[in-house]
Amino acid sequence: MAGADAFDEIRGKPGDPVGRPEFAQLLDWMETTPPAELDRRQKAAEAAFRQLGITFAVYGEEESAERIIPFDIVPRIFTAREWASLSEGLVQRVEAINAFLADIYGPRRILADGVLPEELVLANPQFRPVLAGAKPPHGVFAHICGIDLVRTGPDEFWVLEDNARTPSGVSYMLENREAMLRLCPELFEQFDVAPIDSYPDALLETLQSVSPRGRGADATCVLLTPGHFNSAFYEHSFLADSMGIELVEAADLEVDDDKVWMRTIEGRVQVDVIYRRIDDDYLDPLVFRPDSLLGVPGIVAAYMAGNVALVNAPGTGIADDKAIYSYMPEIVKYYSGGDAKLPNVETYRCREPQALRYTLDNLDKLVVKLVDGSGGYGMLVGPTATRAQIEEFRAALIAEPHRYIAQPTLALSTVPTLTEKGIAPRHVDFRPFVLSGGKGVTITPGGLTRVALREGSLVVNSSQGGGTKDSLILTGQEERA
Amino acid sequence: MRLLIQHETEYHYTEPQARVVQLLRMTPSSHIGQNIVDWRIDVDCDARLKQSTDGFGNIVSMLYLAGPVERIGLRVTGEVLTEDRAGAVSGAIDPLPPAVYRRATELTGPCEALLDLLRDHEGAKGDALSRIHGLNSAVCRLFPCKEHRSTDVRSVGEVLEARSGCSMDMAHVLIAAARADGFPARFVTGYIYREDPDCGHREAPHFWAEIDVPEYGWIGFDPANDMCPNDHYVRVAQGLDFRDAAPISGARVGGGHEVLAIGVDVSLSQEQYQA
Numbered sequence: 001m002a003g004a005d006a007f008d009e010i011r012g013k014p015g016d017p018v019g020r021p022e023f024a025q026l027l028d029w030m031e032t033t034p035p036a037e038l039d040r041r042q043k044a045a046e047a048a049f050r051q052l053g054i055t056f057a058v059y060g061e062e063e064s065a066e067r068i069i070p071f072d073i074v075p076r077i078f079t080a081r082e083w084a085s086l087s088e089g090l091v092q093r094v095e096a097i098n099a100f101l102a103d104i105y106g107p108r109r110i111l112a113d114g115v116l117p118e119e120l121v122l123a124n125p126q127f128r129p130v131l132a133g134a135k136p137p138h139g140v141f142a143h144i145c146g147i148d149l150v151r152t153g154p155d156e157f158w159v160l161e162d163n164a165r166t167p168s169g170v171s172y173m174l175e176n177r178e179a180m181l182r183l184c185p186e187l188f189e190q191f192d193v194a195p196i197d198s199y200p201d202a203l204l205e206t207l208q209s210v211s212p213r214g215r216g217a218d219a220t221c222v223l224l225t226p227g228h229f230n231s232a233f234y235e236h237s238f239l240a241d242s243m244g245i246e247l248v249e250a251a252d253l254e255v256d257d258d259k260v261w262m263r264t265i266e267g268r269v270q271v272d273v274i275y276r277r278i279d280d281d282y283l284d285p286l287v288f289r290p291d292s293l294l295g296v297p298g299i300v301a302a303y304m305a306g307n308v309a310l311v312n313a314p315g316t317g318i319a320d321d322k323a324i325y326s327y328m329p330e331i332v333k334y335y336s337g338g339d340a341k342l343p344n345v346e347t348y349r350c351r352e353p354q355a356l357r358y359t360l361d362n363l364d365k366l367v368v369k370l371v372d373g374s375g376g377y378g379m380l381v382g383p384t385a386t387r388a389q390i391e392e393f394r395a396a397l398i399a400e401p402h403r404y405i406a407q408p409t410l411a412l413s414t415v416p417t418l419t420e421k422g423i424a425p426r427h428v429d430f431r432p433f434v435l436s437g438g439k440g441v442t443i444t445p446g447g448l449t450r451v452a453l454r455e456g457s458l459v460v461n462s463s464q465g466g467g468t469k470d471s472l473i474l475t476g477q478e479e480r481a
Numbered sequence: 001m002r003l004l005i006q007h008e009t010e011y012h013y014t015e016p017q018a019r020v021v022q023l024l025r026m027t028p029s030s031h032i033g034q035n036i037v038d039w040r041i042d043v044d045c046d047a048r049l050k051q052s053t054d055g056f057g058n059i060v061s062m063l064y065l066a067g068p069v070e071r072i073g074l075r076v077t078g079e080v081l082t083e084d085r086a087g088a089v090s091g092a093i094d095p096l097p098p099a100v101y102r103r104a105t106e107l108t109g110p111c112e113a114l115l116d117l118l119r120d121h122e123g124a125k126g127d128a129l130s131r132i133h134g135l136n137s138a139v140c141r142l143f144p145c146k147e148h149r150s151t152d153v154r155s156v157g158e159v160l161e162a163r164s165g166c167s168m169d170m171a172h173v174l175i176a177a178a179r180a181d182g183f184p185a186r187f188v189t190g191y192i193y194r195e196d197p198d199c200g201h202r203e204a205p206h207f208w209a210e211i212d213v214p215e216y217g218w219i220g221f222d223p224a225n226d227m228c229p230n231d232h233y234v235r236v237a238q239g240l241d242f243r244d245a246a247p248i249s250g251a252r253v254g255g256g257h258e259v260l261a262i263g264v265d266v267s268l269s270q271e272q273y274q275a
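Here the protein sequences come in this chain order: Y and P. First residue of the first sequence: 1, per the UniProt record's numbering; consecutive thereafter. First residue of the second sequence: 1, per the UniProt record's numbering; consecutive thereafter.
Hints are computed from structural coordinates only; laboratory data are not their basis. If you're wondering where the values come from, they're calculated on a predicted model, not measured in any experiment. Mixed in with the good hints there might be a few duds.
[Claimed, not checked] Heads up, simulated SDA-like pairs for lysine to any residue below, C-alpha to C-alpha not over 20 Å straight-line:
{"hint": "1", "chain 1": "Y", "residue 1": "K333", "chain 2": "Y", "residue 2": "R108"}
{"hint": "2", "chain 1": "Y", "residue 1": "K322", "chain 2": "P", "residue 2": "R103"}
{"hint": "3", "chain 1": "Y", "residue 1": "K135", "chain 2": "P", "residue 2": "G57"}
{"hint": "4", "chain 1": "Y", "residue 1": "K135", "chain 2": "Y", "residue 2": "G106"}
{"hint": "5", "chain 1": "Y", "residue 1": "K333", "chain 2": "Y", "residue 2": "A112"}
{"hint": "6", "chain 1": "Y", "residue 1": "K322", "chain 2": "P", "residue 2": "A104"}
{"hint": "7", "chain 1": "P", "residue 1": "K50", "chain 2": "Y", "residue 2": "N307"}
{"hint": "8", "chain 1": "Y", "residue 1": "K322", "chain 2": "Y", "residue 2": "L370"}
{"hint": "9", "chain 1": "Y", "residue 1": "K322", "chain 2": "Y", "residue 2": "E88"}
{"hint": "10", "chain 1": "Y", "residue 1": "K439", "chain 2": "Y", "residue 2": "A424"}
{"hint": "11", "chain 1": "Y", "residue 1": "K43", "chain 2": "Y", "residue 2": "A424"}
{"hint": "12", "chain 1": "Y", "residue 1": "K135", "chain 2": "P", "residue 2": "P95"}
{"hint": "13", "chain 1": "Y", "residue 1": "K135", "chain 2": "P", "residue 2": "L96"}
{"hint": "14", "chain 1": "Y", "residue 1": "K322", "chain 2": "Y", "residue 2": "Q270"}
{"hint": "15", "chain 1": "Y", "residue 1": "K135", "chain 2": "P", "residue 2": "T53"}
{"hint": "16", "chain 1": "P", "residue 1": "K50", "chain 2": "Y", "residue 2": "W261"}
{"hint": "17", "chain 1": "Y", "residue 1": "K333", "chain 2": "Y", "residue 2": "S87"}
{"hint": "18", "chain 1": "Y", "residue 1": "K333", "chain 2": "Y", "residue 2": "S198"}
{"hint": "19", "chain 1": "P", "residue 1": "K146", "chain 2": "P", "residue 2": "A162"}
{"hint": "20", "chain 1": "Y", "residue 1": "K322", "chain 2": "Y", "residue 2": "A355"}
{"hint": "21", "chain 1": "Y", "residue 1": "K421", "chain 2": "Y", "residue 2": "G106"}
{"hint": "22", "chain 1": "P", "residue 1": "K50", "chain 2": "Y", "residue 2": "N362"}
{"hint": "23", "chain 1": "P", "residue 1": "K50", "chain 2": "Y", "residue 2": "A305"}
{"hint": "24", "chain 1": "Y", "residue 1": "K341", "chain 2": "Y", "residue 2": "S87"}
{"hint": "25", "chain 1": "Y", "residue 1": "K365", "chain 2": "Y", "residue 2": "E391"}
{"hint": "26", "chain 1": "Y", "residue 1": "K322", "chain 2": "Y", "residue 2": "R403"}
{"hint": "27", "chain 1": "Y", "residue 1": "K341", "chain 2": "Y", "residue 2": "E156"}
{"hint": "28", "chain 1": "P", "residue 1": "K50", "chain 2": "Y", "residue 2": "G133"}
{"hint": "29", "chain 1": "Y", "residue 1": "K43", "chain 2": "Y", "residue 2": "R182"}
{"hint": "30", "chain 1": "Y", "residue 1": "K135", "chain 2": "P", "residue 2": "R102"}
{"hint": "31", "chain 1": "Y", "residue 1": "K322", "chain 2": "Y", "residue 2": "T347"}
{"hint": "32", "chain 1": "Y", "residue 1": "K341", "chain 2": "Y", "residue 2": "V91"}
{"hint": "33", "chain 1": "Y", "residue 1": "K135", "chain 2": "P", "residue 2": "S52"}
{"hint": "34", "chain 1": "Y", "residue 1": "K333", "chain 2": "Y", "residue 2": "V441"}
{"hint": "35", "chain 1": "Y", "residue 1": "K135", "chain 2": "P", "residue 2": "K50"}
{"hint": "36", "chain 1": "Y", "residue 1": "K365", "chain 2": "Y", "residue 2": "N344"}
{"hint": "37", "chain 1": "Y", "residue 1": "K439", "chain 2": "Y", "residue 2": "E156"}
{"hint": "38", "chain 1": "P", "residue 1": "K50", "chain 2": "Y", "residue 2": "Q270"}
{"hint": "39", "chain 1": "Y", "residue 1": "K322", "chain 2": "P", "residue 2": "P95"}
{"hint": "40", "chain 1": "Y", "residue 1": "K322", "chain 2": "Y", "residue 2": "N344"}
Modelling step: build the complete structure from the supplied sequences, incorporating the hints.
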């Protein structure tokens, strides 16, 4: 379903004789390394991942099978200039997300000013009224954001989704690089690639910076996991290990006197910061799901009392909700005072009559999504839909327009990828990880690139034939000859 | 009225517990028509109580107990001056706008039986207020209100299927119906005074609903008694449904099971008689 005219990030625009000269060395590398050798290296990387046990679903898909997500040996590259401009956009967006969260759990000025419909926020299940009035340290709610981006041209990046709950996948970013350094060291001699191995340090500094008691490097930080049955357990233990902090389960923690304590053999120790990889619903049975056995009773009271930082804070789901997404340009502008540097994918809110008319007139070209749908349910992909499907959606849209949004079908960029028939272009997306702490925003120069391994497919999800690649960010030093 | 309230809760554990943590929403606040003269919570064991206010505006107390815990006795005593305001609620601490109370929750989600109830009610004439009064009566007629609190917290669908329940269940049905009809509606926990001396002692607090009526604001509706709360009522906590406004939400670490005994007495203060 992809257009054959998609922008290729290494070869340039279709038919462009010049291509992208800054990446000529990578093209040389692809052409001079025998496919069998590339394949051998790729298999070696995958064998290592299997041994490590990196077998989890990246985007919360329920994948029961113990399988690794395929790894592609051909990396993706961003120039220093591209990265600098992306970073600016990411900082602006994540600062706006945090300002938005502090506002709606605080004075709700943006609603009073009518920037977005009050009900869209307040009646949204992702807005947690019991947490209204929360004041987390430094006003940071979303300490870790994974912003999903797609690209359609040399300078055309679009935000597809803001992940502000407990985004996962950063262990792929780190492990993919480890594998590439080991298996393709020559690439790192040819290109000045910004290192990403400082991510765990940056994450730890972010955690320490929001400790309510201060204490700097002495702050007690822990990573709270639902346990080893969780599909992302590898990432939990990997990150806790890399940061040198305790990996705990709910039973290791208790709340007393509105403070959180960790049980240790030397007695109990007060916990300052909890990097929690448990969803809001399961965090505290006293205020959220009463049947949760994964949570810590009283942890929300400790959070509301300001005695512990929860990373990310509970209730951040309202910032990455689909219904809110289409208002992100307005939200960014409201808090930053300027236009969003990273645009949203154009979104038609069918609740608005003009948008509805446009959508109904162009159903064969658009992707139509249910605002409260997920997992691809209630979705129409116009260009590939049958006549009957389109008519079915037309009726549904007319009946309940407020439940739908529509977006153009994007020609996602491609990156050369090793396939059974040699190297061929495949569509990709990108998830950089943005850290927000007491001292501002930090972005490790890298991210998770997902690639749709099936020819022509735009679906990068691992459950539907998606894989991952290393993402190289050049430092901007003079290219070596 | 000058009402005296005594609310005792006793937990017995069949095995000693290593830890107990409870969140109490048992402290009312003063507002127009309700003046808290005196209020206290006593715990009959060595415990720390930490008080704060939650996002709904409820005064909450956290109770942390280290084991071994075999029993806990909680006694709430208070004295409140009330006025009959025909259900109108004003000056109550609610930091949230009414729009918050438009959403359905797991307990108050719409279901077929609820839509049937609303459909039967469709012919009702008049303005929003008389419409809601009509809904309140319709819920009251569904089944007689049980004095005992239902053991399980049930969804509206389950309540309508069983056609029986307590004031909590009836409040949930009314809330779900009002929200489905387009009105913000919230759950309220509190106490009710009964003049009949045989009704003085009860085994549960009372639960009802408040609905945001255009041009009037928040008005209380008690579907268990088909009326709006008057000076016999004391409101304590509010939320989207029972889970947000339950007098006690608790968790324990330890085996066995718990046996719960609740006694609620609401009486007229002696000073009232002397006056």
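Results of checking the hints against the structure:
1. Y:K333 <-> Y:R108: 16 Å, holds
2. Y:K322 <-> P:R103: 17 Å, holds
3. Y:K135 <-> P:G57: Given pair Y:K135, P:G57 holds - Cα atoms ~15 Å apart, limit 20 Å.
4. Y:K135 <-> Y:G106: 8 Å, holds
5. Y:K333 <-> Y:A112: 16 Å, holds
6. Y:K322 <-> P:A104: Holds. Y:K322 to P:A104 sits at ~18 Å (cutoff 20 Å).
7. P:K50 <-> Y:N307: OK: P:K50 and Y:N307 at ~13 Å, within 20 Å.
8. Y:K322 <-> Y:L370: 9 Å, holds
9. Y:K322 <-> Y:E88: 23 Å, violated
10. Y:K439 <-> Y:A424: Violated, at about 43 Å.
11. Y:K43 <-> Y:A424: 18 Å, holds
12. Y:K135 <-> P:P95: 15 Å, holds
13. Y:K135 <-> P:L96: 16 Å, holds
14. Y:K322 <-> Y:Q270: 37 Å, violated
15. Y:K135 <-> P:T53: 13 Å, holds
16. P:K50 <-> Y:W261: It holds: about 16 Å lies between the C-alpha atoms, which stays within 20 Å.
17. Y:K333 <-> Y:S87: 17 Å, holds
18. Y:K333 <-> Y:S198: 32 Å, violated
19. P:K146 <-> P:A162: 13 Å, holds
20. Y:K322 <-> Y:A355: 17 Å, holds
21. Y:K421 <-> Y:G106: 56 Å, violated
22. P:K50 <-> Y:N362: 59 Å, violated
23. P:K50 <-> Y:A305: Cα-Cα ~10 Å, so holds.
24. Y:K341 <-> Y:S87: 10 Å, holds
25. Y:K365 <-> Y:E391: Holds: Y:K365 and Y:E391 sit about 14 Å apart, inside 20 Å.
26. Y:K322 <-> Y:R403: This hinted pair holds, its Cα atoms lying about 11 Å apart.
27. Y:K341 <-> Y:E156: Measuring from Cα to Cα gives roughly 11 Å; hence the hint holds.
28. P:K50 <-> Y:G133: 17 Å, holds
29. Y:K43 <-> Y:R182: Roughly 13 Å between the alpha carbons, so the hint for Y:K43 and Y:R182 holds.
30. Y:K135 <-> P:R102: Violated. Y:K135 to P:R102 sits at ~25 Å, over the 20 Å cutoff.
31. Y:K322 <-> Y:T347: With a Cα-Cα distance of about 11 Å, the restraint between Y:K322 and Y:T347 holds, given a limit of 20 Å.
32. Y:K341 <-> Y:V91: The hint holds at about 10 Å.
33. Y:K135 <-> P:S52: Given pair Y:K135, P:S52 holds - Cα atoms ~14 Å apart, limit 20 Å.
34. Y:K333 <-> Y:V441: Holds, because 18 Å separates the two Cα atoms, which is no more than 20 Å.
35. Y:K135 <-> P:K50: 18 Å, holds
36. Y:K365 <-> Y:N344: 18 Å, holds
37. Y:K439 <-> Y:E156: Roughly 30 Å separates the two Cα atoms, so the pair is violated.
38. P:K50 <-> Y:Q270: 17 Å, holds
39. Y:K322 <-> P:P95: The given pair, whose Cα atoms are some 26 Å apart, is violated under the 20 Å limit.
40. Y:K322 <-> Y:N344: 12 Å, holds
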